[in-house]
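Respectively, the protein sequence lines represent chains A, B and C. According to our numbering, the first sequence is numbered sequentially starting from 17. According to our numbering, the second sequence is numbered sequentially starting from 2. According to our numbering, the third sequence is numbered sequentially starting from 5.
Because the hints were derived from the structure by calculation, they are not lab data. Glycine included, every Cβ here is placed at the ideal spot set by N, Cα and C. One or more of the hints may lead you astray.
To be verified - Sample of chain B residues lacking proximity to chain A, with all beta carbon distances greater than 12 Å (derived):
| no. | residue |
| --- | --- |
| 1 | 76 |
| 2 | 142 |
| 3 | 165 |
| 4 | 192 |
| 5 | 324 |
What the hints assert, rightly or not - Taking beta-carbon pairs under 8 Å as the criterion, some of the chain A residues facing chain C (in silico):
| no. | residue |
| --- | --- |
| 6 | 218 |
| 7 | 221 |
| 8 | 227 |
| 9 | 230 |
| 10 | 233 |
| 11 | 236 |
| 12 | 239 |
| 13 | 268 |
| 14 | 270 |
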Amino acid sequence: MSTVKVVDAPLGLGPRVRGLLTRRASWIPVLAALGILIALLVAGQSYLGNFLTPRVLSSLLLDNAYLLILAVGMTFVILTGGIDLSVGAVLAFTAILGARLLSEGVPSVLVIPVMLIGGAVIGLLIGSLIQFFDVQPFIASLAGMFAARGLAFLVSLSSIKIEDPTILWLQTKLFYVEGWFLAPTGVIALLVVAAGALVLHFTRFGRTIYAIGGNEQSARLMGLPVVRTKLLAYVISGVCAGLAGVVFSAYQGAGYPLNGIGTELDTIAAVVIGGTLLTGGSGYVIGSMIGVFVYGTIKAAISFLGAEQSWTRITIGALLLIFVVVQRVIVARSSRR
Amino acid sequence: MKLRKLLTHRLVLPIAALVVLVLINTISRPTFLSITVRDGQLYGSLIDILRNSAPLMLVALGMTIVIATRGIDLSVGALMAVSGSVALTIIDGSGNPEDPGILLLAITAGVAVTFAFGLWNGFLVAVLGIQPIIATLVLMLAGRGIALLITGGFITTVTSAPYRFMSQGYVFGFPFAFYVSVVAVALVVLIERRTALGVLTEAVGINPEASRLAGVRSRGIIWGAYAASGLLAGLAGILYSSNIMAADANAAGQYIELDAILAVVLGGTSLMGGKFSIAGTVIGVFTIQTLKSTITFLGVPPAVSPLFLAMVVVIVVLVQSRRVRAWTTSAWRWGQRARTGTEAAS
Amino acid sequence: MTSDPDVPPIAALTGITIRFPGVLALDDVDFTLWPGEVHSLMGENGAGKSTLIKALTGVYPIDSGSIVVAGEQRVFSGTADAQAAGISTVYQEVNLCQNLSVGENVMLGHEVRRYGRIDWSATHAEAARHLADLGLNIDPRSSLVTHAIAIQQLVAISRAMVSDSRVLVLDEPTSSLDRGEVERLFSVIRGLRDSGVAILFVSHFLDQVFEISDRITVLRNGKLVGESLAADLTRGELVAKMLGRELAELESISEAASRVIDRTGDPVLAADGIGRRGMLEPADLDIYDGEVVGIAGLLGSGRTELARLLYGADHADSGRVTVRGRPVRLSSPRHAIDEHIAFSSEDRRAEGIIGDLTVAENIVLGIQARRGWFRKIGRAEQAVIVDEHIASLGVRPADPSALSRNLSGGNQQKVLLARWLATAPQLLILDEPTRGIDVGAKADIQRKVVELANQGLSVIFISSELEEVLRLAQRIVVMRDRRKIGELSSHDSTVDDVVDYIAHEGRERVS
Numbered sequence: 017m018s019t020v021k022v023v024d025a026p027l028g029l030g031p032r033v034r035g036l037l038t039r040r041a042s043w044i045p046v047l048a049a050l051g052i053l054i055a056l057l058v059a060g061q062s063y064l065g066n067f068l069t070p071r072v073l074s075s076l077l078l079d080n081a082y083l084l085i086l087a088v089g090m091t092f093v094i095l096t097g098g099i100d101l102s103v104g105a106v107l108a109f110t111a112i113l114g115a116r117l118l119s120e121g122v123p124s125v126l127v128i129p130v131m132l133i134g135g136a137v138i139g140l141l142i143g144s145l146i147q148f149f150d151v152q153p154f155i156a157s158l159a160g161m162f163a164a165r166g167l168a169f170l171v172s173l174s175s176i177k178i179e180d181p182t183i184l185w186l187q188t189k190l191f192y193v194e195g196w197f198l199a200p201t202g203v204i205a206l207l208v209v210a211a212g213a214l215v216l217h218f219t220r221f222g223r224t225i226y227a228i229g230g231n232e233q234s235a236r237l238m239g240l241p242v243v244r245t246k247l248l249a250y251v252i253s254g255v256c257a258g259l260a261g262v263v264f265s266a267y268q269g270a271g272y273p274l275n276g277i278g279t280e281l282d283t284i285a286a287v288v289i290g291g292t293l294l295t296g297g298s299g300y301v302i303g304s305m306i307g308v309f310v311y312g313t314i315k316a317a318i319s320f321l322g323a324e325q326s327w328t329r330i331t332i333g334a335l336l337l338i339f340v341v342v343q344r345v346i347v348a349r350s351s352r353r
Numbered sequence: 002m003k004l005r006k007l008l009t010h011r012l013v014l015p016i017a018a019l020v021v022l023v024l025i026n027t028i029s030r031p032t033f034l035s036i037t038v039r040d041g042q043l044y045g046s047l048i049d050i051l052r053n054s055a056p057l058m059l060v061a062l063g064m065t066i067v068i069a070t071r072g073i074d075l076s077v078g079a080l081m082a083v084s085g086s087v088a089l090t091i092i093d094g095s096g097n098p099e100d101p102g103i104l105l106l107a108i109t110a111g112v113a114v115t116f117a118f119g120l121w122n123g124f125l126v127a128v129l130g131i132q133p134i135i136a137t138l139v140l141m142l143a144g145r146g147i148a149l150l151i152t153g154g155f156i157t158t159v160t161s162a163p164y165r166f167m168s169q170g171y172v173f174g175f176p177f178a179f180y181v182s183v184v185a186v187a188l189v190v191l192i193e194r195r196t197a198l199g200v201l202t203e204a205v206g207i208n209p210e211a212s213r214l215a216g217v218r219s220r221g222i223i224w225g226a227y228a229a230s231g232l233l234a235g236l237a238g239i240l241y242s243s244n245i246m247a248a249d250a251n252a253a254g255q256y257i258e259l260d261a262i263l264a265v266v267l268g269g270t271s272l273m274g275g276k277f278s279i280a281g282t283v284i285g286v287f288t289i290q291t292l293k294s295t296i297t298f299l300g301v302p303p304a305v306s307p308l309f310l311a312m313v314v315v316i317v318v319l320v321q322s323r324r325v326r327a328w329t330t331s332a333w334r335w336g337q338r339a340r341t342g343t344e345a346a347s
Numbered sequence: 005m006t007s008d009p010d011v012p013p014i015a016a017l018t019g020i021t022i023r024f025p026g027v028l029a030l031d032d033v034d035f036t037l038w039p040g041e042v043h044s045l046m047g048e049n050g051a052g053k054s055t056l057i058k059a060l061t062g063v064y065p066i067d068s069g070s071i072v073v074a075g076e077q078r079v080f081s082g083t084a085d086a087q088a089a090g091i092s093t094v095y096q097e098v099n100l101c102q103n104l105s106v107g108e109n110v111m112l113g114h115e116v117r118r119y120g121r122i123d124w125s126a127t128h129a130e131a132a133r134h135l136a137d138l139g140l141n142i143d144p145r146s147s148l149v150t151h152a153i154a155i156q157q158l159v160a161i162s163r164a165m166v167s168d169s170r171v172l173v174l175d176e177p178t179s180s181l182d183r184g185e186v187e188r189l190f191s192v193i194r195g196l197r198d199s200g201v202a203i204l205f206v207s208h209f210l211d212q213v214f215e216i217s218d219r220i221t222v223l224r225n226g227k228l229v230g231e232s233l234a235a236d237l238t239r240g241e242l243v244a245k246m247l248g249r250e251l252a253e254l255e256s257i258s259e260a261a262s263r264v265i266d267r268t269g270d271p272v273l274a275a276d277g278i279g280r281r282g283m284l285e286p287a288d289l290d291i292y293d294g295e296v297v298g299i300a301g302l303l304g305s306g307r308t309e310l311a312r313l314l315y316g317a318d319h320a321d322s323g324r325v326t327v328r329g330r331p332v333r334l335s336s337p338r339h340a341i342d343e344h345i346a347f348s349s350e351d352r353r354a355e356g357i358i359g360d361l362t363v364a365e366n367i368v369l370g371i372q373a374r375r376g377w378f379r380k381i382g383r384a385e386q387a388v389i390v391d392e393h394i395a396s397l398g399v400r401p402a403d404p405s406a407l408s409r410n411l412s413g414g415n416q417q418k419v420l421l422a423r424w425l426a427t428a429p430q431l432l433i434l435d436e437p438t439r440g441i442d443v444g445a446k447a448d449i450q451r452k453v454v455e456l457a458n459q460g461l462s463v464i465f466i467s468s469e470l471e472e473v474l475r476l477a478q479r480i481v482v483m484r485d486r487r488k489i490g491e492l493s494s495h496d497s498t499v500d501d502v503v504d505y506i507a508h509e510g511r512e513r514v515s
């Protein structure tokens with residue numbers, strides 16, 4: 017019994033290769049998404065001609081800035097193993113609320129924080145239902161979605177035009193560099209992505225998000241602040257939805273209570289296509305960004321083709337299908353070990 | 002002891018919620034409960050609720066079975082759009098919209114297509130093992146697009162008296178749609194409870210692996226649940242399109258998956274799967290339909306009605322939550338203790 | 005080991021009472037832990053061990069009593085409080101995050117930060133240092149799932165040491181480890197003890213408890229039975245304290261081992277080279293009418309895997325199986341059931357009982373599954389089947405409408421046995437049917453197995469307890485390292501022979 021060696025290396029492959037694979041396994045879906053994006057862009061270029069132009073690529077970011085912000089918030093929630101169905105409705109609510117306040121003469125320096133806080137409050141309520149009353153995330157955020165949609169109509173039943181120069185500046189001010197252009201909304205979206213990535217990777221809060229997604233029970237027994245972290249994840253998603261409301265208002269130049277219907281599904285689809293596992297604990301904000309770009313490219317290509325926009329959802333549905341099947345195969349293979 | 006057992010029965014809360022809602026309505030508009038007879042047909046708010054709840058009833062029945070297997074079917078609304086589109090496109094193209102043969106063919110085709118989609122959902126979940134939310138999200142996203150493709154991007158409208166009869170017609174004084182609900186509920190109860198399917202479904206929902214090892218054909222049971230859900234959603238889509246006599250791919254069954262899930266949860270079936278109650282779902286459907294009717298009656302713009310639904314969801318889940326139950330029990334105990342304490346002191 | 009009266013205890017629990025609805029889980033229990041000792045907490049299932057641990061680690065609030073840690077009165081409102089007070093726990097089912105790396109798991113919540121952001125290289129270096137302290141030289145950046153359970157357990161201990169724990173609670177840490185891994189864990193435990201950490205150790209294995217403990221506290225039915233130094237206690241005394249009665253009940257089971265089995269005809273089941281890559285090397289096994297074949301081997305030796313392949317719970321990728329001389333394909337549990345084979349899994353809760361169904365529904369589930377959903381078992385028929393089996397197995401409470409998740413482990417096991425017996429199998433495969441259940445139920449189940457075999461049923465009996473296997477089986481299949489290494493007749497074998505056989509085979513392979 018003296019020299020019992022604990023063998024803990026599975027068979028096959030060199031330990032170095034295997035180590036690299038297992039260490040980086042969670043990046044594989046992200047790389048796959050990137051591959052799809054590149055393939056889409058290349059295919060778009062070869063079929064449509066002038067597709068890979070600075071102009072199209074620039075508007076890819078600007079047209080989907082709001083979705084990008086929503087996807088970052090959604091990534092936090094999904095990483096904890098939850099889901100947030102409310103984001104589309106919260107976007108609509110904050111946008112119409114902002115438009116209403118602006119139309120009544122409230123200055124934009126006040127309106128924007130109010131919109132963000134509005135999102136945060138709804139997120140906090142959803143998180144509280146989940147955390148303190150054991151309500152399933154699906155149902156709790158469904159209630160949040162209903163509530164926000166109803167509130168949006170309570171604020172106004174019809175569209176309100178935005179004339180505030182600050183808000184409009186966010187979308188109209190364009191910085192040009194050799195045919196490429198960028199508006200402040202795009203900058204905001206990219207900053208949100210960067211902030212999301214940094215928080216998830218370089219803070220204890222971010223690591224706790226992953227730990228909860230991996231095994232919530234364990235995270236609790238490890239003494240990690242599970243309650244606070246989960247609440248905060250939903251608050252972040254709410255704030256992101258509020259910020260998306262700001263960006264969307266600037267993009268549309270108006271608030272409309274029917275905005276963002278089905279956007280939660282687009283967001284979830286983009287996050288999943290970006291390689292985040294819906295069971296939680298595995299995924300990256302960068303992946304979600306790629307997922308949004310995949311979504312945007314498909315949408316752009318379809319409008320380029322002049323085809324029915326209904327094809328967008330069909331294509332996204334099909335892509336989602338391919339992704340979950342592939343993810344499923346990967347998970348099945350790794351669990352068979 | 003018996004009273005206590007009765008009070009803790011899981012249908013108590015759903016029934017209480019429905020009764021409270023009916024009471025509020027009756028107080029605020031005394032005509033709520035009144036039913037008038039005209040030409041041998043019954044009219045009134047309650048009759049409207051019975052008629053209008055039919056599509057939701059069909060969808061919620063399917064959803065109950067799917068949820069019992071630990072699943073969820075988000076695609077039902079989109080499938081409603083699909084079946085309506087298929088049926089109306091066939092009727093529209095036939096040139097003879099009154100021919101019962103054509104109508105039967107159109108309805109069968111519409112329902113067959115959604116049944117096939119239900120089988121597809123079931124395949125993804127039961128065979129490939131994909132999470133139900135995601136598996137059905139695929140068709141939820143793509144379904145409406147498919148419906149739009151079928152109608153060529155338009156809202157197909159038809160005029161066909163027999164088709165319209167399904168949602169508007171009366172038989173023996175009651176709306177035809179109500180009979181559809183009754184028959185569907187009866188069939189589901191018969192299939193689930195008269196056979197062992199119900200208990201096997203619950204076993205699979207509670208513990209899939211243990212059920213498999215006990216020899217239960219869980220794959221077939223899960224598959225069947227999604228297929229049934231697809232079929233029922235297809236029927237609901239037919240009823241919906243008959244009501245507006247149009248195939249509106251965007252509006253048909255919008256949010257109905259959420260209403261259906263809500264009805265199931267209101268009826269006391271846990272989203273975690275396992276034990277399910279058809280009676281509870283029926284009560285849940287009526288509760289939601291009554292609530293919608295109340296909201297309309299109160300003059301609230303229909304667009305704001307989600308806010309009320311949200312409040313109902315929150316109240317119901319709070320009442321069902323363990324923590325609130327613990328609070329109320331301890332408050333009750335505390336009250337008892339306080340009472341016995343004062344008695345002892347006096 | 006110090007029991008020096010001058011050294012104050014690191015943790016002192018006095019008069020701890022915890023009440024659950026309808027149960028007094030702990031009744032006025034005192035428990036004292038000294039620095040630098042390994043203190044074992046013993047008791048049967050339901051004695052209150054895990055409740056006491058959960059009180060100490062802040063999982064459960066206490067209804068009355070006091071917890072003093074390092075001289076300070078404490079009220080824990082969660083595990084984080086207890087950890088802040090220096091109490092860490094490593095549970096049986098390793099509570100780490102499988103999606104993260106080893107280093108992240110060790111350092112979660114204690115990551116090294118610089119300028120407000122996590123410094124990953126410093127964090128991993130720190131993790132590597134803590135791992136090395138326990139003699140673990142593994143890459144902290146490697147994914148946790150790639151390591152064996154034993155290593156994960158040590159990683160969990162490393163994690164506990166990051167927060168400078170003065171009390172380390174080890175709840176059943178050895179239940180899924182093999183002998184060598186236990187040795188390694190014990191040397192780590194001794195090292196920690198010598199550095200002054202107080203270790204609270206819980207295990208079902210008496211040998212291990214006597215090997216590692218300095219002091220032993222025994223609980224029974226939520227009450228403190230006594231505390232004494234391990235050296236002052238004999239095995240018999242300990243068992244007597246735990247059970248509060250003699251072991252006679254178990255001993256009364258007749259010596260089944262020497263029964264003569266007629267092996268002339270076709271065997272009930274014969275497997276020829278059945279195996280699956282990565283799970284089990286091809287193995288042979290045959291079993292005749294009325295025979296009990298035991299499978300002995302450590303956890304992970306392939307004994308469960310063999311049972312699962314025979315039942316079709318996993319697909320075999322090699323070998324042939326014949327039932328009464330007829331070749332069959334067992335690719336799913338359904339096929340096995342059709343061949344009158346029944347299997348009761350080692351994991352009662354996850355793979356056996358359907359918790360939210362009643363006892364009656366659980367019992368008839370096997371028959372119902374076989375009949376198919378369309379032909380429902382009628383109420384009257386169900387009552388007959390259920391009552392018969394509840395009575396013959398002595399299920400408590402004898403209430404068919406009780407929810408099975410509310411039953412004790414032993415009674416759940418009886419319900420599972422009833423489910424299979426109701427299907428009238430010809431071969432019954434029992435994987436660890438007596439694990440973690442009380443002695444009374446254990447005796448009931450053993451007696452039932454003997455009775456069934458006498459009636460002609462064939463049984464494959466898997467258990468970690470070699471005494472049990474030797475008592476019930478006529479023949480013993482010995483497994484090791486995912487392969488069958490041989491067969492013994494239990495008629496002329498002792499526990500030591502079996503242990504030797506396993507060990508001897510190991511030596512032969514090395515040379």
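Practice item. Would you pick out the hints that fail for this structure and give their numbers low to high? Key: Checked against the structure, the hints that fail are numbers 1, 2, 5, 7, 13, 14, while the rest are satisfied.
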